[in-house]
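There are 2 protein chains.
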Amino acid sequence: MNIELAASKAKNAAIRMAALKSDLKNAALEAVAQALVNNEDAIIAANTRDLEAAKKADLAPALQKRLKFDCAKIKETCDGLRSLINLPEPVGQTLSATELTKGLELYKVTSPIGVIGVIFESRPDALVQISSLCLKSSNACLLKGGAEAANTNRILADTIYKASVSAGLPEGWLTLVETRQGVMDMLKLDRSIDLLIPRGSNEFVRYIMDNTNIPVMGHAAGICHVYIDKSADLDMAVNITVDSKCQYTAVCNAAETLLVHELIAPAFLPRIKAALQEKGVEIRGDDRTCGIITANHATDEDWATEYLDSIISIKVVPNIAAAIDHINTYSSKHTDAIVTADKAAAAQFMEMVDSADVFWNASTRFADGFRFGLGAEVGISTSKIHARGPVGLEGLVIYKYKLIGTGQIVADYTGPNAKKYTHAPLKKDFEL
Amino acid sequence: MNIELAASKAKNAAIRMAALKSDLKNAALEAVAQALVNNEDAIIAANTRDLEAAKKADLAPALQKRLKFDCAKIKETCDGLRSLINLPEPVGQTLSATELTKGLELYKVTSPIGVIGVIFESRPDALVQISSLCLKSSNACLLKGGAEAANTNRILADTIYKASVSAGLPEGWLTLVETRQGVMDMLKLDRSIDLLIPRGSNEFVRYIMDNTNIPVMGHAAGICHVYIDKSADLDMAVNITVDSKCQYTAVCNAAETLLVHELIAPAFLPRIKAALQEKGVEIRGDDRTCGIITANHATDEDWATEYLDSIISIKVVPNIAAAIDHINTYSSKHTDAIVTADKAAAAQFMEMVDSADVFWNASTRFADGFRFGLGAEVGISTSKIHARGPVGLEGLVIYKYKLIGTGQIVADYTGPNAKKYTHAPLKKDFEL
Numbered sequence: 509m510n511i512e513l514a515a516s517k518a519k520n521a522a523i524r525m526a527a528l529k530s531d532l533k534n535a536a537l538e539a540v541a542q543a544l545v546n547n548e549d550a551i552i553a554a555n556t557r558d559l560e561a562a563k564k565a566d567l568a569p570a571l572q573k574r575l576k577f578d579c580a581k582i583k584e585t586c587d588g589l590r591s592l593i594n595l596p597e598p599v600g601q602t603l604s605a606t607e608l609t610k611g612l613e614l615y616k617v618t619s620p621i622g623v624i625g626v627i628f629e630s631r632p633d634a635l636v637q638i639s640s641l642c643l644k645s646s647n648a649c650l651l652k653g654g655a656e657a658a659n660t661n662r663i664l665a666d667t668i669y670k671a672s673v674s675a676g677l678p679e680g681w682l683t684l685v686e687t688r689q690g691v692m693d694m695l696k697l698d699r700s701i702d703l704l705i706p707r708g709s710n711e712f713v714r715y716i717m718d719n720t721n722i723p724v725m726g727h728a729a730g731i732c733h734v735y736i737d738k739s740a741d742l743d744m745a746v747n748i749t750v751d752s753k754c755q756y757t758a759v760c761n762a763a764e765t766l767l768v769h770e771l772i773a774p775a776f777l778p779r780i781k782a783a784l785q786e787k788g789v790e791i792r793g794d795d796r797t798c799g800i801i802t803a804n805h806a807t808d809e810d811w812a813t814e815y816l817d818s819i820i821s822i823k824v825v826p827n828i829a830a831a832i833d834h835i836n837t838y839s840s841k842h843t844d845a846i847v848t849a850d851k852a853a854a855a856q857f858m859e860m861v862d863s864a865d866v867f868w869n870a871s872t873r874f875a876d877g878f879r880f881g882l883g884a885e886v887g888i889s890t891s892k893i894h895a896r897g898p899v900g901l902e903g904l905v906i907y908k909y910k911l912i913g914t915g916q917i918v919a920d921y922t923g924p925n926a927k928k929y930t931h932a933p934l935k936k937d938f939e940l
Numbered sequence: 509m510n511i512e513l514a515a516s517k518a519k520n521a522a523i524r525m526a527a528l529k530s531d532l533k534n535a536a537l538e539a540v541a542q543a544l545v546n547n548e549d550a551i552i553a554a555n556t557r558d559l560e561a562a563k564k565a566d567l568a569p570a571l572q573k574r575l576k577f578d579c580a581k582i583k584e585t586c587d588g589l590r591s592l593i594n595l596p597e598p599v600g601q602t603l604s605a606t607e608l609t610k611g612l613e614l615y616k617v618t619s620p621i622g623v624i625g626v627i628f629e630s631r632p633d634a635l636v637q638i639s640s641l642c643l644k645s646s647n648a649c650l651l652k653g654g655a656e657a658a659n660t661n662r663i664l665a666d667t668i669y670k671a672s673v674s675a676g677l678p679e680g681w682l683t684l685v686e687t688r689q690g691v692m693d694m695l696k697l698d699r700s701i702d703l704l705i706p707r708g709s710n711e712f713v714r715y716i717m718d719n720t721n722i723p724v725m726g727h728a729a730g731i732c733h734v735y736i737d738k739s740a741d742l743d744m745a746v747n748i749t750v751d752s753k754c755q756y757t758a759v760c761n762a763a764e765t766l767l768v769h770e771l772i773a774p775a776f777l778p779r780i781k782a783a784l785q786e787k788g789v790e791i792r793g794d795d796r797t798c799g800i801i802t803a804n805h806a807t808d809e810d811w812a813t814e815y816l817d818s819i820i821s822i823k824v825v826p827n828i829a830a831a832i833d834h835i836n837t838y839s840s841k842h843t844d845a846i847v848t849a850d851k852a853a854a855a856q857f858m859e860m861v862d863s864a865d866v867f868w869n870a871s872t873r874f875a876d877g878f879r880f881g882l883g884a885e886v887g888i889s890t891s892k893i894h895a896r897g898p899v900g901l902e903g904l905v906i907y908k909y910k911l912i913g914t915g916q917i918v919a920d921y922t923g924p925n926a927k928k929y930t931h932a933p934l935k936k937d938f939e940l
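Quick mapping for you: the protein sequence lines, in order, are chains A and B. Start counting the first sequence at 509; every next residue gets the next number (my numbering). Start counting the second sequence at 509; every next residue gets the next number (my numbering).
Hints were generated in silico from the structure; no laboratory data involved. All of these numbers come straight from a predicted model, not from anything done at the bench. Be careful, since some hints might not be right.
Copies of the same chain look alike in the list, so a pair counts if it works inside one copy or between any two.
Derived pair list, reagent style DSS-like, types lysine-lysine, alpha-carbon separation capped at 30 Å [as the list claims (entries may be wrong)]:
{"#": "1", "residue 1": "LYS616", "residue 2": "LYS738"}
{"#": "2", "residue 1": "LYS564", "residue 2": "LYS576"}
{"#": "3", "residue 1": "LYS787", "residue 2": "LYS738"}
{"#": "4", "residue 1": "LYS563", "residue 2": "LYS928"}
{"#": "5", "residue 1": "LYS563", "residue 2": "LYS616"}
{"#": "6", "residue 1": "LYS670", "residue 2": "LYS935"}
{"#": "7", "residue 1": "LYS529", "residue 2": "LYS670"}
{"#": "8", "residue 1": "LYS610", "residue 2": "LYS851"}
{"#": "9", "residue 1": "LYS787", "residue 2": "LYS935"}
So that you can see chain A by itself, here it is in the shape it has in the complex (with noise of 0.2 Å):
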């Protein structure tokens, strides 16, 4: 497949979805949802050829189960369709509106990014959410699913192709990329792809950041923190943590490491190491969480680690200050809780605490676009600009400037005769 000229028409397309209606848009959302049912033999079938290959190649059966797209995962996958269906409109919505001067109306108003390039994990239902979000916030799309996958996201993206284009999208509006070196051609496509939103691996993700001058959103890791204060609640705080850690060790919003106030360390210490031990969890400490508990000694490294598995390295820091500082360093900027009854303490960590989510008195797991009611997410930003933490529709919009005139021209509003701008605000929405 030439991967360039599937951007150029990408391109194309993404002019045109820029100008679609609502219903014709939410039209296609139901067309999708009908043909994924209509096809779901074909589905299956598809599908059970990639379960097959995994369990061959001996796949992890974390991996395989994750693969698996049954009736179940269709209809669930159907379902959400139409919660997509329902939500407002991303597109042409009004974000202020100022008279500049009489006759001269200027609107922001929202618009589609353009083409979006998505690289994603071995989870099907990932390939119809994600172009599902993109169809309903008029981006056009190239997309490049698991290798493991294959099979299914063929005939996934086949049926939504088709279902869209015939209920009124325009043809090149989504590609499916099948190989690793169709993700590198697109690396070096910044005039046609607007965007990259990358998920996997530290590394690959990392590599896809150095290696393009396309604008990437993502997170290459999530090395997240629970702090627990001098004044938190220990029943809480165990609970917190166990959860942080515990819920699900392989994904990006657990817990990697625990910084505890040294006055409630003597205290909780023991507490969690019990909690801790009981779900199999490994502890690495530094010197002085191991002058209180027995634990295997942290190194430098363990604090820029993410152990995506049942290891947790804890510190004793003297204050809210030492902990905030700690976090500033070595957080991926994601996700990181502190379990406090004090309300300026918690107060002072979600302000100078510089990540995406700061969580006071949650578990870190809560932080997932589900979780969140963004309804589906495309993925988890750690960016600075433009969309933090879950991306759902909202991080798939931009704005653009409409300004309304009668023919004004600068010059009279220039010099010593100028006429004055009013730059008095309008109550109303951009129409033409």
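Got chain A sorted already, so can you dock chain B onto it with the hints?
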């Protein structure tokens, strides 16, 4: 100067700036205004040295004029600072609030970006404007101004820094970078600098974009178009074209290419030729243009050229779709205007032209932060993410998610007996 050290200090300062209250920041801006007035003599003396050097070096008169920083400029700058004080606080604004479940509240709250590197041209007032926008939005900054204004920039940066730190800004929040090598050093500091805003020549901005992993906001070129639709009012079309091209040719929002619908070309081209020739503008036309008026022949290169001079390229197009297609191919996504009496044509143009600013019946020269009523602007962006068009305070903030719980853990909301999420919108602002 060690730029890495300065950037690291700026990062520490940025963390503390995120927690600064509005009153303190506004008092600091007022202190800066007073210090500028108090240091008036020294500032003017430094500026005189720059002006003398510029005269000796035989700098273009326009550049010498822009370099000047006298009593009137200081007063204007202080007026600017006071309007900035009166603008609403950009940080800590609640963008949305949702109850995830009873006792678990999610707030999306605006926050500073962190450390911003700005490289700007030789207008000393730009230094005051940019640093004060960063202060108001709680961003630390590294600033590099034009070498011609070195003496003026030094005393201005020194005055601003001392006054603001005395008023409570953290040490290291502002650093003046004085060498080109300093800029090169900045490009590597993607761990401490969150955003680069380069202003200057195309080649320079393009060089920065191509040589850093730090996100870049700005525009490399301003190839702006005026399209005269078949139903345009001829007087308005002449006025808007002349203003867009001639009101100030050396700037990015000046028009470089004129597109003319074939049905109006025979009536319009002779009139615009006369009007442009009166202003001394060279016309380069495509074959069809040259079939109607006498003009130099345009080559393909002309469509992709930002003249920044008294030259305009003209192309006759068969319809609005061809105009939109030409613009989306050659425009720098800055500002493009349509002149038409047809509302449907205007709507089509404004939806499908993929530029930051799309104007109907108004001059491209209105694309400017002051004219848009944003207060000051830190630059103009042709990016497709984060911020587009003239960028004021809003483009200097991002958001973070603040979650307030009462001990909730994800395990309770998972599996067969999962508690339910409520996802109910909250009508309140974040407050602790």
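Hints and how they fare:
1. Taking the shortest Cα distances, LYS616 and LYS738 sit within 30 Å of each other only across copies (27 Å), while inside one copy they are farther apart (47 Å).
2. In this assembly of identical chains, LYS564 and LYS576 lie within 30 Å of each other by CA distance solely inside one copy; the values are 15 Å within and 75 Å between copies.
3. Only within a single protomer do LYS787 and LYS738 lie at most 30 Å apart by alpha-carbon distance; the minimum there is 25 Å, versus 74 Å between protomers.
4. For a Cα distance limit of 30 Å, the shortest separation of LYS563 from LYS928 qualifies neither inside one copy, at 73 Å, nor across copies, at 35 Å.
5. In this homomeric assembly, LYS563 and LYS616 never come within 30 Å of each other (Cα to Cα): the closest approach is 52 Å inside a single copy and 43 Å across copies.
6. In this homomeric assembly, LYS670 and LYS935 never come within 30 Å of each other (Cα to Cα): the closest approach is 41 Å inside a single copy and 42 Å across copies.
7. In the homo-oligomer, the alpha carbons of LYS529 and LYS670 lie at most 30 Å apart inside one protomer (19 Å), although the nearest pairing across protomers, at 54 Å, exceeds that limit.
8. In the homo-oligomer, the alpha carbons of LYS610 and LYS851 lie at most 30 Å apart only across protomers (19 Å), although the nearest pairing inside one protomer, at 49 Å, exceeds that limit.
9. Proximity of LYS787 to LYS935 under the C-alpha cut-off of 30 Å is found in neither arrangement, the shortest distances being 57 Å within a copy and 40 Å between copies.
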